[in-house]
Amino acid sequence: MQSVAEQKEFVTFTPDLRAADARANYWMRQVTIRLRREVAWCWHERGLQQPADFAMLPPYADKLSTILDLSRFYGEKQDFFLTDQTARYLTDQLNQERSFVSDEAPARGSFGWVVNELELPEVASFILALALSAAFDANMGSVIACCSNDQNKLLPTLALAQKLWDEPEEVLSIADPAHPLFRYGLIRFSETSWNAPITVPSLVALQLLFPNTSFPHGLESFAGTASEFSDTAHLSTLRLRSTAANSLRVVPVIGAGTPLETVAQIAELNKKELVRFTGDAAAAEDVDYLNALATVCWLKDAYLYLDKEPSACAHNDKHKGHHALPSSSIPATLFIALKERHQLSSLPQDLLLPAVVLPPVSYHDRLECWREHLGEHITALEPDIAECARRFRFEKQTIRAIC
Numbered sequence: 010m011q012s013v014a015e016q017k018e019f020v021t022f023t024p025d026l027r028a029a030d031a032r033a034n035y036w037m038r039q040v041t042i043r044l045r046r047e048v049a050w051c052w053h054e055r056g057l058q059q060p061a062d063f064a065m066l067p068p069y070a071d072k073l074s075t076i077l078d079l080s081r082f083y084g085e086k087q088d089f090f091l092t093d094q095t096a097r098y099l100t101d102q103l104n105q106e107r108s109f110v111s112d113e114a115p116a117r118g119s120f121g122w123v124v125n126e127l128e129l130p131e132v133a134s135f136i137l138a139l140a141l142s143a144a145f146d147a148n149m150g151s152v153i154a155c156c157s158n159d160q161n162k163l164l165p166t167l168a169l170a171q172k173l174w175d176e177p178e179e180v181l182s183i184a185d186p187a188h189p190l191f192r193y194g195l196i197r198f199s200e201t202s203w204n205a206p207i208t209v210p211s212l213v214a215l216q217l218l219f220p221n222t223s224f225p226h227g228l229e230s231f232a233g234t235a236s237e238f239s240d241t242a243h244l245s246t247l248r249l250r251s252t253a254a255n256s257l258r259v260v261p262v263i264g265a266g267t268p269l270e271t272v273a274q275i276a277e278l279n280k281k282e283l284v285r286f287t288g289d290a291a292a293a294e295d296v297d298y299l300n301a302l303a304t305v306c307w308l309k310d311a312y313l314y315l316d317k318e319p320s321a322c323a324h325n326d327k328h329k330g331h332h333a334l335p336s337s338s339i340p341a342t343l344f345i346a347l348k349e350r351h352q353l354s355s356l357p358q359d360l361l362l363p364a365v366v367l368p369p370v371s372y373h374d375r376l377e378c379w380r381e382h383l384g385e386h387i388t389a390l391e392p393d394i395a396e397c398a399r400r401f402r403f404e405k406q407t408i409r410a411i412c
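Residues are numbered in this note's numbering as their position in the sequence shown, beginning at 1, plus a constant of 9.
A few of these clues could be false.
[Unchecked claim] With a cut-off of at most 30 Å between alpha-carbon atoms, the simulated DSSO-like pairs for lysine-lysine come out as follows:
id : residue 1 : residue 2
1  : Lys309    : Lys348
2  : Lys348    : Lys281
3  : Lys348    : Lys280
4  : Lys281    : Lys162
5  : Lys162    : Lys280
6  : Lys280    : Lys309
7  : Lys162    : Lys172
8  : Lys281    : Lys309
[Stated by the list, open to error] Simulated restraints, written as ranges between beta carbons of each label pair:
id : residue 1 : residue 2 : range
9  : Asn161    : Asn104    : 46 to 52 Å
10 : Asn148    : Ala292    : 47 to 53 Å
11 : Gln105    : Glu85     : 21 to 27 Å
No lab work stands behind these hints, which were simulated from the structure alone.
Please read all numbers here as calculations on a predicted model, not as lab measurements.
Glycine included, C-beta positions come from ideal geometry on N, C-alpha and C.
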């Protein structure tokens, strides 16, 4: 009888780390095998005897000498992959039949769904899995540093992907900030450089690997309670349906009424889930964090509601008071609550959809709201509330008479 370790194929370097998505497991296993094979070559290239079971990583070599010897050792490296016992075994593992083939459609927001939705070629799937493996497996960093021949590089790069991929010229097609992997926020790419780290935000990684997981802690699902849909909700719903969701859509919600309830009606009419940002106001100013939240909402097909005040950008006065927003290329729908119409100037005009304007709340509506939330205490406060309302009407009439 085979042992459990022999029966179960490891996906990453850390045992028992497996995703809920079969295609993610396949491609992360491809990453692990290619890294193991590269480590075996590093031992051979540096003229050292390979230890049993890779008990030790090979020492780092002079970078310039290694680069200059690439062409000289190219043929030898290909022969090594075919003749060395360990390398040949790993190569055979790479060529095995894919285990993720299934008649079932992948879950919405999973790694497999992204591959199908964005029509990613194999090289893009491999690079996404490479960045995803580093976010998933804490032990990946040392192996990445060894294969990169740089002990300070614990995160994958396009240069490493080019070294591991069998057709290195194909990686150049990914080195584009407009590529869907970067445009949709799946991979964070700081600059167009071979040696710049490529990382998957942890919130996005969790969604890709475990698509049925709940929303992150900074987001709270909200369902409306109104029995009838308002005319405003119906109109906004039709506007959203007529607008292609291929980039960030920002919908201002103006008024002091019940914006969250109205947005919940719009989400229900469009059969979307609505999540409200409940994190700290300072976190709402972190663009990388907002990008991750927006990508998660796109993957889960949910609307995002934000009611934080505009952030003040101290480093650039001309942007003071502007809302921090996710990247315009992420195809998420964002509702932002505003108190006054003049606050629209704090939002980029090219991303705005027609605003949802809430009707003013009447005195009786406010009184019903107070009764609902204050309960038995409202009886003692009603005389004061009525007196405040009377004085407000008197002052309003006086102002009109003076004007």
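Hint by hint, here is what the structure shows:
1. Lys309 / Lys348: holds (29 Å)
2. Lys348 / Lys281: Judged against 30 Å, a Cα distance of about 25 Å means the pair holds.
3. Lys348 / Lys280: Measuring from Cα to Cα gives roughly 27 Å; hence the hint holds.
4. Lys281 / Lys162: It is violated: about 41 Å lies between the C-alpha atoms, which goes past 30 Å.
5. Lys162 / Lys280: Since the Cα atoms of Lys162 and Lys280 sit roughly 45 Å apart, the hinted pair is violated (cutoff 30 Å).
6. Lys280 / Lys309: holds (12 Å)
7. Lys162 / Lys172: Distance ~15 Å between Lys162 and Lys172 Cα, so the pair holds.
8. Lys281 / Lys309: holds (9 Å)
9. Asn161 / Asn104: 46 to 52 Å: violated (34 Å)
10. Asn148 / Ala292: 47 to 53 Å: Check failed, 29 Å falls outside 47 to 53 Å.
11. Gln105 / Glu85: 21 to 27 Å: Distance hint for Gln105, Glu85 holds at roughly 25 Å.
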